[in-house]
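Novice: Sequence:
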Amino acid sequence: MLTIAIIIGFVLVGLATVLTLWRLALGPTMADRILALDTLAIDAIAVVVLMGLSRGSSFSFEAALLIAMMGFVGTVALCKYLIGRAIIE
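Residues 1 to 89 in the working numbering are what the sequence shown spells out, letter by letter.
The set of hints was computed from the structure by calculation and includes no laboratory data.
Only pairs whose alpha carbons sit at most 25 Å apart, straight line, appear in this in silico SDA-like list of lysine to any residue: (1) Lys80 <-> Ala68; (2) Lys80 <-> Thr20; (3) Lys80 <-> Ala25; (4) Lys80 <-> Leu66; (5) Lys80 <-> Leu24.
None of the values given here were measured: they were computed from a predicted structure.
Can you make the complete structure from the sequences, with help from the hints?
Specialist: This is the structure we're talking about:
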């Protein structure tokens with residue numbers, strides 16, 4: 001039962017990634033592209049967690065946490081750059 005849920009999860013995350021890449025390529029503003037990059041980080045977290053569930057590895061959850069932290073810092077830095085403020089105040 002868990003295997004079917006993991007496969008469905010991979011399919012849905014794959015669909016979300018394709019739609020996010022579409023928004024990244026066609027986003028009319030830079031803010032849309034920044035949000036698309038943040039969503040790609042969330043998609044990567046979902047893939048790592050699903051891989052960890054399918055393999056039974058707890059190391060994957062630590063990797064997902066690291067990706068989440070890097071995604072957050074990257075999004076904040078890009079947003080501060082976009083509004084023209086100093087990245088480190």
